[in-house]
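Student: Make a model of the complete structure from these sequences and hints.
Mapping the sequence shown onto our numbering, position 7 (from 1) lands on 7, and the numbers just tick up by one.
It is worth saying that the hints were derived from the structure and are not from the lab. Where hints are given, some of them may not hold.
Derived CB-CB ranges, DEER-like [said to hold, decoys possible]:
#  : residue 1 : residue 2 : range
1  : K76       : D36       : 15 to 23 Å
2  : D55       : R77       : 24 to 32 Å
3  : A32       : R59       : 18 to 26 Å
4  : D48       : R28       : 19 to 27 Å
5  : L51       : T17       : 19 to 27 Å
6  : G80       : A32       : 15 to 23 Å
7  : L51       : L85       : 16 to 24 Å
8  : A35       : R60       : 20 to 28 Å
9  : Q87       : R64       : 36 to 44 Å
10 : G65       : Q87       : 30 to 38 Å
11 : R41       : E6        : 19 to 27 Å
Positions of the beta carbon are idealized from the N, C-alpha and C atoms, including for glycine.
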Amino acid sequence: MDQLDETVRSILALAATYKPGTIIRAERVVDAYLADFDGYRARRAAMDALLRELDLPERRTRNRGGLFELIELHLKRRHGEIARLFQ
1 MDQLDETVRS
11 ILALAATYKP
21 GTIIRAERVV
31 DAYLADFDGY
41 RARRAAMDAL
51 LRELDLPERR
61 TRNRGGLFEL
71 IELHLKRRHG
81 EIARLFQ
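Tutor: This is the structure we're talking about:
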């Protein structure tokens with residue numbers, strides 16, 4: 001199983017048991033996934049791939065508590081950070 005699949009599976013598991021504080025755990029999963037990529041382009045591609053996976057209709061049906069939207073906001077913040085970091 002590759003990193004993207006494992007990350008998506010972890011996020012879906014978190015969504016299935018959504019409760020307060022889930023976004024913090026999801027952000028940690030996302031951050032660990034991104035840490036495996038070096039450089040701006042690689043991290044940006046990883047972010048795009050994750051967003052595409054979470055946007056699939058079969059995934060969207062499992063989005064509870066707006067978790068995917070919160071992950072998207074987290075990724076936007078991370079994108080800003082890496083853009084500044086790799087300037």
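Student: Just pull the numbers of the violated hints for me, sorted ascending.
Tutor: 2
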